[in-house]
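K.L.:
For reference, the chains in residue letters:
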Amino acid sequence: MKKVIALVSLSAAIAVSSNASAVTVTLACGAVGQELQMCKEGAARWSKKTGNEVKIFESPNLTNDRLGLYQQQLAAKSSDIDVYQLDVVWPGLLAQHFVDLKGKVPAAEVNAHFKGILDANTVNGKLVALPWFTDAGLLYYRTDLLQKYGYKSAPKTWAELATMAKKIQTGEQKTNKSFTGYVWQGKNYEGLTCDALEWVVSFGGGTIVDSTGKVTINNPQAAKALDTAASWIKSISPAGVTTYDEEAARGIFQAGNAAFMRNWPYAWALGQGDDSKVKGKIGVAPLPSGGSRNAATLGGWQLGVSMYSKNQAAAIELVRYLAGPEEQKIRAIEGAYNPTIQSLYKDKDILAKNPFFGSLYSVFTSAVARPSGPTKSKYNQVSQAFSTAVSDVLNGKSKGQAAVAKLSTDLARIKGRGW
Amino acid sequence: MTVNPTAPARPVRTRGIEAARARQAIWLLLPTLIAIALVAGYPLYRTIYFSLFEANLTTPDQRTFVGLGNFWFTTEDGVALGFLQDPKWWGAVKNTLLFTVVSVFLETVFGMIIALVVNSTFKGRGLLRTAMLVPWAIPTVVSAQMWSYMYNDSFGLIGRGLLGGQALLANTDSAIWALIAVDVWKTTSFMALLILAGLQSLPSDMYEAADMDGASKWTQFWRLTLPLLRPALLVALVFRSLDALRVFDIMSVMLGNVNAAATSMTGYARQALIDNSLLGFGSAVSVAIFLIIMVIVVLYVTAFRVKFD
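Chains A and B, in that order, give the protein sequences.
Mapping to my numbering: the first sequence position 253 is 253, numbers consecutive.
Throughout, my numbering is defined as the position within the second sequence, counted from one, plus 1000.
Treat the hints as calculated values from the structure; they're not laboratory data.
Some hints could be false.
Stated by the list, open to error - The calculated BS3-like cross-link candidates involving lysine-lysine, where the alpha carbons are at most 27 angstroms apart (straight line), are: (1) A:K152 <-> A:K277; (2) A:K104 <-> A:K177; (3) A:K224 <-> A:K281; (4) B:K1123 <-> A:K406; (5) B:K1088 <-> A:K415; (6) A:K115 <-> A:K77; (7) B:K1094 <-> A:K397; (8) A:K224 <-> B:K1094; (9) A:K397 <-> B:K1088.
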């Protein structure tokens, strides 16, 4: 009898403990095509390893829409989502809702990532999220067309790009009416902020708001940068470029209808796909300089654990796995997602699949951060004011100088008593 | 003397029945009133409450009372913080009013023409009446996306085909006319349907009499149809105007959130509340939109003596 009781209690104990270890963690990641697919596969690999289940929460595609949804979930202290995928400009905005990963993840594991990206994820000494992949603006070009029109290398300056794009466009339009020189992200949204920051920095016009929180945008170099971009419209870029986002630009480039494109690294793997008309004809280079330097805006996504998660321990494990070297390598090879772990840039398998990773290493490491750090919770307003001012210049509503002067006043209004 | 006792008794009894009916009506209405209080009254109260505070969407518990500061406030340094001091808000108001006036006017005129055509007898009238409602039946988000493809400058039917590569939606000044076109396309059929219902209640013998008296069709329209149609027309106008004032989806889909905030009052409120997580400021904007719409309804109802019965 005693034996039976012991056996029953033992099996009960086993049942309880296995229940406690196998939990379901909900992970919020991007909702379209390849990104969602890779997110699901990564989660499945972790599931298989640990026996825990992962539920994927499909988020809206546009980053601003995603933020709105996350904010509502977090404000309600909802435990529905355990792991959030965060844009690099969000930590300042959402820090208080996330678990401090410092101390919960071994220091050596944390420090394997780029320092600059770790800094962007640290708010008041708290490590809000672990870097998952990094991003920086790149110039894509058609190698076959550059050769056809007698150019040996990608343009080094914006002026060179304009000349080359014009020549190729004029030539190609004889046979293809839809052909255009240069496509980029001109729609009034966060993407335009990224593109325009690159122009301004490359002309030596500063970073809108400097690291001390001072508004610096009202300067002649910034004005010149915006006027230069405006001059591209209808000459080397279609009028509709001011309604394009990343995917619209990629659609045109990948259909073989553009000579140059500004986009993020993800466009590489898709452009080499079997359905791509420009497969094998794509070159990648740093974005041109405006006289000061080559500038690329820092993008990228991180993984953070919600404070309101009921399975924090398992959620942290999932984040450690997904942001770890093994998973980052798979994502780099299959999707051209840039690793945030430095050592992976020397990995032969990764370089074989993405030859530009090695040569553009400095672009990724010296990418320019948007002023989300100094402007904290008001970053979105700053970004909207900036992209609206840029949009006005692109649409011919105002000139660069007037636009940056007005923007400076708008930013003072947004700053109010302080960031 | 024999009549007197019964005479006052009757009104008393009817009053008793009326009072009982009124009591009964209140009890029957009570669940509805409670439901309205919960789903409309409480959110409205919270919105008005939050409009007096400075609060963040993600941390609504940490709020500071600022009175009417969200509406109008100038700091010591002369920086204007209230939304009524924001030129972008006034731009949104101007664009919304322009959108409302032009689109409702066009919808009424076109709706009237369509209703008059469909009201006359001809072969295939039933089919036409059904076909007419197709634009109205498509969800706005879908039709807005469809139109933004048509406006695209590199492959769109309108942007490329008709205008030869112009990007109408790029500029908020030209975009507002493109948006009006979409709204007119979508809602004219609804307007036509409302007017058609009004037309069908008009007696046909009246027109026969007018024919006998030798009144022309034109005179019949201006002297008979239009005056008799007035009540139905005004109710339709009020509904459409309110809808147009709170328009949101077309702008959001076709222009993106940042430009939507410059072209519609609701877009401006959404941007403040969601994108910028300014709970107090956004609530103040919502309160202002509520007041603007309420004032316009009151003006409509009193100026045209609209009867909702």
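K.L.:
Indicate, hint by hint, whether the structure satisfies it.
P.N.:
Evaluated hints:
no.	hint	in the structure
1	A:K152 <-> A:K277	holds (22 angstroms)
2	A:K104 <-> A:K177	violated (58 angstroms)
3	A:K224 <-> A:K281	violated (33 angstroms)
4	B:K1123 <-> A:K406	violated (62 angstroms)
5	B:K1088 <-> A:K415	holds (16 angstroms)
6	A:K115 <-> A:K77	violated (31 angstroms)
7	B:K1094 <-> A:K397	holds (18 angstroms)
8	A:K224 <-> B:K1094	violated (32 angstroms)
9	A:K397 <-> B:K1088	holds (15 angstroms)
Hints 2, 3, 4, 6, 8, counting from the list given before, are not met by this structure.
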